[in-house]
Amino acid sequence: MRPFSVSLLRHITAPHTLTAPLVTKTRCLHRGIFAASSSSIQSPPPGHRRCAPSRSVSTGFSEHQVQDLCGPELRLLNKLYDGLVGGQRASLAECITLVETQHPRKKELAQVLLQRVLAYRKEQESQNGGKPVAFRVGLSGPPGAGKSSFIEVVGKMLTARGHKVSVLAVDPSSCTTGGSLLGDKTRMTELSRDMNAFIRPSPASGTLGGVTRTTNEAIVLCEGAGYDIVLVETVGVGQSEFAVADMVDMFVLLIPPAGGDELQGIKRGIIERADLVVVTKSDGDLVVPARRIQAEYTSALKLLRRQSKSWNLKLEEISMAPLCKLLNSSPLGRLSTYPLTVSVPTCFLLCCSGGSRVLKHKTHSDKKYPVMRASSQTNEGIPEAWAVMQSYQDAMLASGELQRRRQAQHKVWMWSLIQENVLLHFSNHPGVRGALPQLEEKVTKGAISPGLAADLLLKTFLSS
1 MRPFSVSLLR HITAPHTLTA PLVTKTRCLH RGIFAASSSS IQSPPPGHRR
51 CAPSRSVSTG FSEHQVQDLC GPELRLLNKL YDGLVGGQRA SLAECITLVE
101 TQHPRKKELA QVLLQRVLAY RKEQESQNGG KPVAFRVGLS GPPGAGKSSF
151 IEVVGKMLTA RGHKVSVLAV DPSSCTTGGS LLGDKTRMTE LSRDMNAFIR
201 PSPASGTLGG VTRTTNEAIV LCEGAGYDIV LVETVGVGQS EFAVADMVDM
251 FVLLIPPAGG DELQGIKRGI IERADLVVVT KSDGDLVVPA RRIQAEYTSA
301 LKLLRRQSKS WNLKLEEISM APLCKLLNSS PLGRLSTYPL TVSVPTCFLL
351 CCSGGSRVLK HKTHSDKKYP VMRASSQTNE GIPEAWAVMQ SYQDAMLASG
401 ELQRRRQAQH KVWMWSLIQE NVLLHFSNHP GVRGALPQLE EKVTKGAISP
451 GLAADLLLKT FLSS
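For the sequence shown, my numbering gives the first residue as 1, with consecutive numbering after it.
A hint or two may mislead.
Within a straight-line C-alpha distance of at most 27 Å, the following computed DSS-like cross-link-like pairs (lysine-lysine) qualify [what the hints assert, rightly or not]: (1) Lys106 x Lys79; (2) Lys107 x Lys122; (3) Lys79 x Lys122; (4) Lys411 x Lys131; (5) Lys459 x Lys445; (6) Lys164 x Lys122; (7) Lys411 x Lys106; (8) Lys411 x Lys107; (9) Lys442 x Lys459; (10) Lys411 x Lys445; (11) Lys164 x Lys79; (12) Lys131 x Lys106; (13) Lys131 x Lys156; (14) Lys122 x Lys411; (15) Lys164 x Lys131.
It should be emphasised that the hints constitute simulated quantities derived from the structure, not laboratory data.
Using the sequences plus the hints, can you model the full thing?
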């Protein structure tokens, strides 16, 4: 008998492969997939496709009606799970492919796999004192803001410091053909070759908000694979597209030097959801425009209320290794305190103690939005930007706001899935599909209003 391969994923649901009757029992499916390991499962005899045995395992998840697992499906999911928690990038990519599928049966398998990964992540967090094991950062901005270049520089810096970084890049899809170039990974050539980094480009596929419909699932899978930094790059977005803010711990907005005036900074929408604003491409001839945009946004954002109540940038220690190295080698390194001017729009004080150098971030009493400048060409401002992100993470963890934010995000995740599934059931309803052509014709001819047609379709859907 030829060993089962992951490439057979597209065949495991074909009618001719399932000779045993399918039983719609939730308990058998879920208990089977939560078996201790794939090695404890005996392979069925040749030519026989038996269902997984029921086992009493405490899983802690809600049951729903799905079909019973058969041998190939169980072995496939166990193989994917073992490879995922083992940190194999190929298994992680296959798991994301599974959750992105539109096939009904494979979507059920993906949910079972995802539930097991969630249980594993919950166990890891309990061992970590109840704190999240990964830091999620969403990076968004208009087209041409340099998001991919910024992420590559940050990613290389983090992997050099010992972090495991995953990048979920969302590419726009064609509104006519539905295709996508998936070209973000080509802009991260060096990072894609790093063994401690994982880059997954995915098409938006018509999903609004700059993300895909399975971005939440992909984030969970990356965390299950051991990546402690998850960077989510959205497509080029506008003022009202900020769905990624409900998926990550910190939302960073990247804007190019020609990012408008102060009026753009006070417009409600994506600006007020940002925890950090970074003016990119601050090098060469664009330094002066970048400084102007930084000053204008810093002034304009004073009128907006901050998203986080825990992070107000009060004398927080920020690691500034490049500047410390420079000061250690200069005569000024002997001074006890020395004012600095860097790309961060507030004052840094240098506190020297022996051979160590630690910068403390001091701000005024008002809670400002941090607006920084950075260059992916010269790396100026990149370490400082990440230092601010770390201070944000520390403050949110210390106050418990990060955990509360994730709990609220799970509710948003659930309701987004409800809306998606309700719309899918509505579109596939026999009564709706039967009445739709006639109502569409009446709407186009002006016989009835679109609102009345929608009400008639909803009544048809709810009446049966």
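Original post:
Does Lys411 pair with Lys445 here, judged by a C-alpha cut-off of 27 Å?
Top reply: This hinted pair is violated, its Cα atoms lying about 42 Å apart.
Original post:
Does the structure keep Lys164 and Lys131 at a Cα separation of 27 Å or less?
Top reply: 18 Å, holds
Subject >> Pair hint Lys411 and Lys107, alpha-carbon separation not exceeding 27 Å >> reply: 20 Å, holds
Subject >> Holds or violated: Lys164 to Lys79, with C-alpha atoms at most 27 Å apart >> reply: Satisfied, since the Cα-Cα distance of roughly 22 Å is no more than 27 Å.
Subject >> Pairwise hint evaluation, Lys106 against Lys411, where the allowed Cα distance is 27 Å at most >> reply: Distance of about 24 Å is within 27 Å: holds.
**OP:** For the pair supplied as a hint, Lys106 and Lys79, confirm whether the alpha-carbon distance does not exceed 27 Å.
**Re:** 15 Å, holds
**OP:** Sort out whether Lys122 lies within 27 Å of Lys79, counting only the CA atoms.
**Re:** 21 Å, holds
**OP:** Could you grab the alpha-carbon distance between Lys411 and Lys131 and see if it respects the 27 Å cut-off?
**Re:** Holds, at roughly 19 Å.
Original post:
Within 27 Å, alpha carbon to alpha carbon, are Lys131 and Lys156?
Top reply: 25 Å, holds
Original post:
Holds or violated: are the alpha carbons of Lys164 and Lys122 at most 27 Å from each other?
Top reply: 19 Å, holds
Original post:
Taking 27 Å as the top limit, are the C-alpha atoms of Lys107 and Lys122 close enough?
Top reply: Given that 27 Å is the threshold and the Cα spacing comes to 22 Å, the pair holds.
Subject >> Distance restraint between Lys459 and Lys445, which requires alpha-carbon spacing of 27 Å or less >> reply: Between Lys459 and Lys445 the Cα gap is close to 22 Å, so the pair holds against 27 Å.
Comparing the model with each numbered hint stated earlier shows that hints 10 and 12 do not hold.
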